Amino acid sequence: MKIIVLMKQVANKDAILRINRDATWIEEGDLSFEVNESDGYALEESLRLKEKHGGEVVVCTMGAQRAKSVIKDALARGADRAIHVVKDDLLNLTPYAGAKILAEAIRGEQPDLVMTGLQSDDNGFAQTGVILAELLGLPHATIVIEVDASGEQLRVKRELESGWYQWYTMPKPALLTIQSGISQIRYATLKGIMAAKKKEIKEVAPAATDPAAPSQRVTKVYFPQKTKQTQFLGDGNAKAGAAQLAEKLRSEARVF
Amino acid sequence: MSAVADEKKIVAGGSFLIEERAPAEIFTPEDFTEEHRMIGETTREFMDKEVRPREPELEQHRWDISRELLRHAGELGLIGATVPEEYGGLGLDQVSGGIVGEHLGRSASFATTMGAQSGIGLLPILFYGTEAAKKKYLPKIASGELVTAYALTEAGSGSDALAAKATARLSEDGTHYVLNGEKMWITNGGFADVFVVFAKVDGDKFTGFVVERQEGLTNGADEHKMGIKGSSTTALILSDVKTPVENLLGEVGKGHKIAFNILNIGRFKLGAMCGGGMKLMVSESVRYANERHQFGKPISSFGAIKHKLAEMSIKTWVGESMIYRTLGLIDSSLTDTATPEAKLRAIEEYAAECSIIKVALSEYCGFTADEMVQIYGGYGYSADYPAEAAYRDARINRIFEGTNEINRMLIPGMLMKRAISGQLALLPAAQKLMEEVLSPALQSFDEDEEPLAAEMKLAQNAKKVALMTLGTAAQKYMTKLADQQEILLGVADIIIDTYAMESAILRAQKLVASQGEEKAARYLDMVRVFTNDAVERVETSARNVLAAMSEGDELRTLLAALRRFVKRTPSNTVAARQRVAEVVIQANRYAY
Ligand SMILES: Cc1cc2nc3c(=O)[nH]c(=O)nc-3n(C[C@H](O)[C@H](O)[C@H](O)COP(=O)(O)OP(=O)(O)OC[C@H]3O[C@@H](n4cnc5c(N)ncnc54)[C@H](O)[C@@H]3O)c2cc1C
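Residue numbers (the working numbering), protein chains in the order written: chain A, 27 to 282; chain B, 347 to 938.
If you're looking for bench data, these hints aren't it; they were derived computationally from the structure.
Only a predicted model underlies this, so the values are computations on that prediction, with no experimental measurement involved.
Ideal Cβ placement from N, Cα and C applies to all residues, glycine included.
Misleading hints may appear alongside valid ones.
[Stated by the list, open to error] Here chain A is said to cover these stretches of chain B; the calculated rule only asks that three of the stretch's residues, wherever they fall, bring their Cβ under 8 Å from a Cβ of chain A:
{"no.": "1", "stretch": "371-383"}
{"no.": "2", "stretch": "419-428"}
{"no.": "3", "stretch": "931-937"}
[Claimed, not checked] Derived Cβ-Cβ restraints for the label pairs, each shown as a range:
{"no.": "4", "chain 1": "A", "residue 1": "A49", "chain 2": "B", "residue 2": "S917", "range": "33 to 43 Å"}
{"no.": "5", "chain 1": "B", "residue 1": "N918", "chain 2": "A", "residue 2": "S58", "range": "23 to 33 Å"}
{"no.": "6", "chain 1": "A", "residue 1": "G260", "chain 2": "B", "residue 2": "Q406", "range": "50 to 60 Å"}
{"no.": "7", "chain 1": "B", "residue 1": "P399", "chain 2": "A", "residue 2": "F151", "range": "26 to 36 Å"}
{"no.": "8", "chain 1": "B", "residue 1": "Q406", "chain 2": "A", "residue 2": "L43", "range": "52 to 62 Å"}
{"no.": "9", "chain 1": "B", "residue 1": "A859", "chain 2": "A", "residue 2": "E53", "range": "21 to 31 Å"}
{"no.": "10", "chain 1": "B", "residue 1": "K643", "chain 2": "A", "residue 2": "S58", "range": "23 to 33 Å"}
Please construct the entire structure, taking both the sequences and the accompanying hints into account.
See the structure below:
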């Protein structure tokens, strides 16, 4: 089974973020970066499937040269080889445009399974995987927490809302977006780290973006403004206060 | 292949005192490879996820958990990082070993356990064991299946380790040795399976052995210690304990070589562990200082606290610069195929540097822990907050792997020994310097534009101060120099600060070269502050030492030379420290 895992490099979760001078993005100068959390679980799931069923795990990353560390890390944990789509600026890429580039980069590989994280921790669109599935003509399932690839068909368990789950059967090949926290991610052992040095990392240029594709431009980045307003309801009359509160919860806070 | 062919042209140990280095010549953490970085990540992740959460259990002496963690560390490759592949290790360079050690320092207790397992308990077998012993023990030690300990110290012989009373005698059939005696303060004593034991054959030939746990080998109860309570420390009782002749380490009567050489490695590992511990302490301190409000402001906004955060960061960074410079020296003197013997010689070459690192880092670490308590205020005194344990844990580092007094005295001692044997051209340099002292050349005042040129000049002059004091001492006391402890300690302090200053300056200059002056400004600040204070210390030590050794005209001449050597324009260290602190305050962690 050939599995392609898409992994993205994002700013470190614990980093203190600052907005850059022209307020178009965060200041990246002294940030440290790490692998997008759910992508790490996608990799782990892929490695487990490979251990069970044999085959190959190929990592694909789009990003600047610094994103190589994500690739190296994945190779050290056990991925077999990597494709690096070298692209400096991902900021103004819509999920569609990003997925389009990724689709061209991996189409020739003819994978049995494509795995992505549920969403990226920086932009949080949760779209790239789904659009990519469409572009590759593959069925997909999102928010997957368990994968059974032993049969003819793929069985996956999806997380729904409020503690509900769904088992879902789908044909192969397919694309799955993986939820965070579903397993214990293995360590990159020192042996794995040294072995990774010899593994192939193929650099490819991004395919030309489709001029017809929707494009975006980030015009302003700002921190959510915290505002605090206190209102006294009912003027001392509890009953009137309760009625006003119910009304506000309905019409303003819209909690019911 | 001969061992000699395995060695490249090397920088002589101790030669930093008489030669100048260019920034490009030294190894720094900025030279880490991607693999080095990942090794650090793995170790740190392991420490933060597996070890640190279990410290409370370790402190309850749950040695089954220590064993489990050692197995896990073994699986990851942390125990055998620098052990050759044929013995179950990974055959990595010393820098990799240092990086592992650094991150182990995030838990002082487990670092100590690992220090015995992967360092002093393993290396004697690797470097001195018979092929049979290496094959038998090393793979299982590297995997964590077997736990090791190093048993040198006895109740009556600590610093004076060679005065050990434990005995070994060859059995009548010549197949094994029988050991008797009592050892004291043995790390991992409570649960180790294999011990490196030093005992005297025929009552006087100090010798090393590998001994397996067996009937007759028992350990005492765990000591009630001030700190590192999550590591086992016990006495060890050997009564008619047997070990086959294949378990002899090196030659009979040559145990002192093993003991001392292994300690060299133990010392830089301890230094690295202190360095990692300090990074964690700075991070925790700054986080606390950012959160804790008094007088309506975070305490990190107060100059007094900034001063502390800056000083802690500076010592951490300078210490780190010394460690990796030295590890880089060791690595660059070795080829990939270097035999264990070649490695050992390379490390022995830098014995003085290893002692410098041990003393400097253990004291920087103690300082940092002390200031951490102070930043936490009353909460620093509470066992419910991390500063209290950090403070207690840090204290042991000045005692084991050779007390700091012993290590200090070793520094000038080893340099003199190398000078006398011709390995280090210290004496001609000292002579030349004395000429300069007597007939001072006109000071050149050409303003150098290089960043840190003034600091570098001071560091080079500090070397002259070291040579001047050491040379004067050698001349005055000749073969009795070893008895002049106060003088030796003073000279050692000068040498330590010299190595520290130069390592930091070279690293910062290398950063300027790679990142440009603007981005490297934060490092320049640290180096300026450190040099400013280090030169102050050098001057004080030198004055005391010189005044103790000479008088009258001679003293006046020496003091005049000293004044010339340490002449400096004070820089604004208050502002520089504030900027240094601001970096960690903004990042909310150690960020250099
Ligand atoms: C927690 C812990 C773990 C340890 N682990 C191990 C281990 O795994 N294996 C092992 O073999 N040992 C171990 N040790 C022992 C340790 O190495 C010794 O305690 C240390 O070497 C000091 O010896 P000592 O305690 O006998 O002190 P002493 O040698 O009695 O020293 C007492 C004081 O006198 C000073 N002093 C001694 N001699 C001189 C001198 N010639 N000139 C000037 N000053 C001098 C010392 O610097 C010190 O300040 C451990 C100790 C501790 C506390």
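Hint-by-hint comparison with the structure:
1. 371-383: holds (count 3)
2. 419-428: Satisfied; 5 residues make the cut.
3. 931-937: Coverage by chain A holds for the stretch 931-937 of chain B (5 residues, Cβ < 8 Å).
4. A49(A) with S917(B): 33 to 43 Å: 36 Å, holds
5. N918(B) with S58(A): 23 to 33 Å: This hint holds: roughly 31 Å between Cβ atoms.
6. G260(A) with Q406(B): 50 to 60 Å: 56 Å, holds
7. P399(B) with F151(A): 26 to 36 Å: 34 Å, holds
8. Q406(B) with L43(A): 52 to 62 Å: Since the Cβ atoms of Q406(B) and L43(A) sit about 40 Å apart, the hinted range of 52 to 62 Å is violated.
9. A859(B) with E53(A): 21 to 31 Å: About 24 Å separates the Cβ atoms of A859(B) and E53(A), which means 21 to 31 Å holds.
10. K643(B) with S58(A): 23 to 33 Å: Holds: the Cβ-Cβ distance is about 28 Å, inside 23 to 33 Å.
Violated hints amount to a single one, hint 8; each of the other numbered hints is respected by the structure.
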